[in-house]
Structure formats: C-alpha cells, structure tokens
Amino acid sequence: MNQIGMRGKTQAQPGFLTVINLNASVPAQHPLRAIKRHVDTVLKKLSPLFLDREYSEGSFDHSIFAKNYERLLSTDVAKLFFAEIYELSRQGGWTSDEHFTADGTLIESWASLKSFARNDGGDQKKVQAAKDDDPGNPTIDFKSEPRRNATHQSTTDPQSVLYRKTQGKEAKLCFGGHILMENRNGLCADFTLHNPITEPEPAMALRQLDQHIQLHEGTAPKTLGADKGYYQKAFVSGCREWGVAPHVACKAGVRVPGLDGRTTHRPGHQTSLKIRKRVEEIIGWIETVGGLRRSRY
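In this text, residue positions in the sequence shown follow the numbering used here: the first is 83, and each later residue adds one.
Since the hints were derived computationally from the structure, they do not count as laboratory data.
Treat the hints loosely; a few may be bogus.
[What the hints assert, rightly or not] Straight-line C-alpha distance at most 30 Å; calculated DSS-like pairs for lysine-lysine: (1) K310 to K359; (2) K356 to K333; (3) K247 to K127; (4) K251 to K304; (5) K304 to K254; (6) K333 to K196; (7) K196 to K118; (8) K254 to K333; (9) K310 to K333; (10) K315 to K304; (11) K304 to K333; (12) K247 to K161; (13) K359 to K333; (14) K247 to K196; (15) K356 to K251; (16) K118 to K310; (17) K196 to K254; (18) K251 to K310; (19) K310 to K161; (20) K333 to K161; (21) K359 to K315; (22) K254 to K315; (23) K254 to K126; (24) K333 to K247; (25) K196 to K126; (26) K196 to K251; (27) K310 to K247; (28) K315 to K247; (29) K126 to K161; (30) K356 to K315; (31) K315 to K118; (32) K251 to K315; (33) K333 to K315; (34) K247 to K304; (35) K161 to K127; (36) K127 to K196; (37) K247 to K126; (38) K254 to K310; (39) K251 to K127.
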C-alpha cells in the first residue's frame, strides 16, 4: 500500500508481520480468565467427543459446519458441555438444588412465511407463477387461504411451526425455547428447544425438571415457580406427583385443583414469584447478546 505524505509525496509502506500474544492482551484479573479455567476443565473431560483442529486450519465455513452438525450438536455434545459447566457451578455452591423457575420464549425461524406451503403440493403452481413474475422476491398472496400446521409446512425449515404465544399477536414460523432456572443466583440450569404445539410450556417444565434430577445427582426440588401461563391442572398435578410445590402465579377468579391458600399464602410462594422475574434476564440475554431472537440457519 502507498501512503500520501503531508506534502503530497508518495511513500511506499514496507511489508511487515506483527505477532500478538493473545494471552498477554488479557488483564490478569479479567473475569474471562476465571471463566476460561472452568471451560478448559470441561473441555479436557469431553475432549474425546470434540473435533481436533489446529489453529492453522482456520474456522468452520458454512459447508463444513453443515457436514459436522450431527456430530457437534445432534449427538448431545453441546448439552453435555452445558451440563458439565452447570455441575461446576453446583460444586462452587452457586446454585440451588431445591428451588427452581420455569419459563419459555419463542425463537423466530429464519424461514419466510412464503415457504409455508401445502403438504400436498397444491401451492406449487402459485409459487412457480410468482417466481416467473419476479424470481428474486416473488409476491405470493395467501390471504384467501387458511394455513395450518396440520396441512402446511415450511419448505426451507420444516421443523418450525406456525404459532402465536398470546392472543392478538401475529402468528410466525418459530420454535419454542424453554428455560429452567435455579433460584439462588438466577443461573440457567437448562435450555431446550421444543415444538410449542405438541409439547406446551407446562409439560416442558416438568420434563426439564425430570431430566435435571437425573443428570445432577443430589438434586431434590422443593419448589417450581412459573407465571400465569402455567396455572393449570396438568402442571399443578405434575408438580404434586414429584412432591414439588407449584409456586405459580394465580389467575383471579380461576381455581385449579391442588393449589390453594395452603401453598399460595406461604411466604415462600411470594419469594418465588419475586425471584421468578430473573428468568426474563436470561431470555433477554439469549435474544440480544446471544443472538437467538431468530434462528441462524
């Protein structure tokens, strides 16, 4: 490259190579160092399950990632990594083995609503005609035709479903994301993707709690907090079967068998409802800093 001097004289810039010690660039007391020590401990334990790649090989591009997707994610390596990190938190006394909170969110699919077509191929002529008119961004009018998950599916992301979490909201192609949080410091104990239609959030909460007990020996849940969306018979009875107190926010004028003043009037119930709000911080982090407001692929 050439540089133009202050007097207009062209000066040739010599080529050079700079070597940077990344370790020395991080301050000694930086919190990343403590995090890295924990991560390294887990990676060493799980090393037989991970790919061996040298620094000089570079990072994955989209095609290499796609080829190794099954090995890296679908074989539960990522879930095992998360579980081991959480186990370190337990050993440090940072987590509660007795009090938990459950909540869910929606992760928007990368697929467009234009891809949500009939399973029997009935939309193909309409789609093709639109592509012939404008191949880059075809205009397809589906307003005259009701679209349902039972009869339609996304052609680009078939695992997503058309769903709205609350009345009055626009239905979108999405996935359900469900969180189990421990209440001592508000740490995420589990995060699971699911179909919000076939496995609604209350059922997902009970499944996560079951898996958490099996995965982390010594866990003995006593309470499970949740918002009004979990104020239903199936969730309350499921908690009672586990011997867990359902610390769920109640709906005025609605009564659910198995949940009355013997639970809701206890101080612990009110404490759970206050702590429950921390789960929104986890959801907020996942959707903003974590970049999972919408799926990546």
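Keeping to a limit of 30 Å between CA atoms, is the pair of K196 and K126 held or broken?
-> Measuring from Cα to Cα gives roughly 45 Å; hence the hint is violated.
Is the straight-line distance between the alpha-carbon of K247 and that of K126 30 Å or less?
-> Violated, at roughly 41 Å.
For the pair we were handed, K161 and K127, check the Cα-Cα distance against 30 Å.
-> 14 Å, holds
Does the alpha-carbon distance linking K333 and K247 stay inside the 30 Å limit?
-> Given pair K333, K247 holds - Cα atoms ~18 Å apart, limit 30 Å.
CA of K304 to CA of K333, is that 30 Å or under?
-> 22 Å, holds
Given the hint that K359 pairs with K333, test it: the Cα-Cα distance must not exceed 30 Å.
-> 17 Å, holds
Are the Cα atoms of K251 and K127 separated by 30 Å or less?
-> With Cα atoms ~45 Å apart, K251 and K127 exceed 30 Å; violated.
Is the Cα-Cα distance between K315 and K247 30 Å or less?
-> 19 Å, holds
Is it true that the CA of K254 sits at most 30 Å from the CA of K310?
-> OK: K254 and K310 at ~23 Å, within 30 Å.
Keeping to a limit of 30 Å between CA atoms, is the pair of K356 and K251 held or broken?
-> 27 Å, holds
Taking 30 Å as the top limit, are the C-alpha atoms of K247 and K304 close enough?
-> 28 Å, holds
Taken at face value, is the distance from the CA of K254 to the CA of K196 at most 30 Å?
-> Holds: K196 and K254 sit about 11 Å apart, inside 30 Å.
Hint compliance for this structure: hints 3, 4, 5, 6, 7, 16, 20, 23, 25, 31, 36, 37 and 39 are broken, all remaining hints hold.
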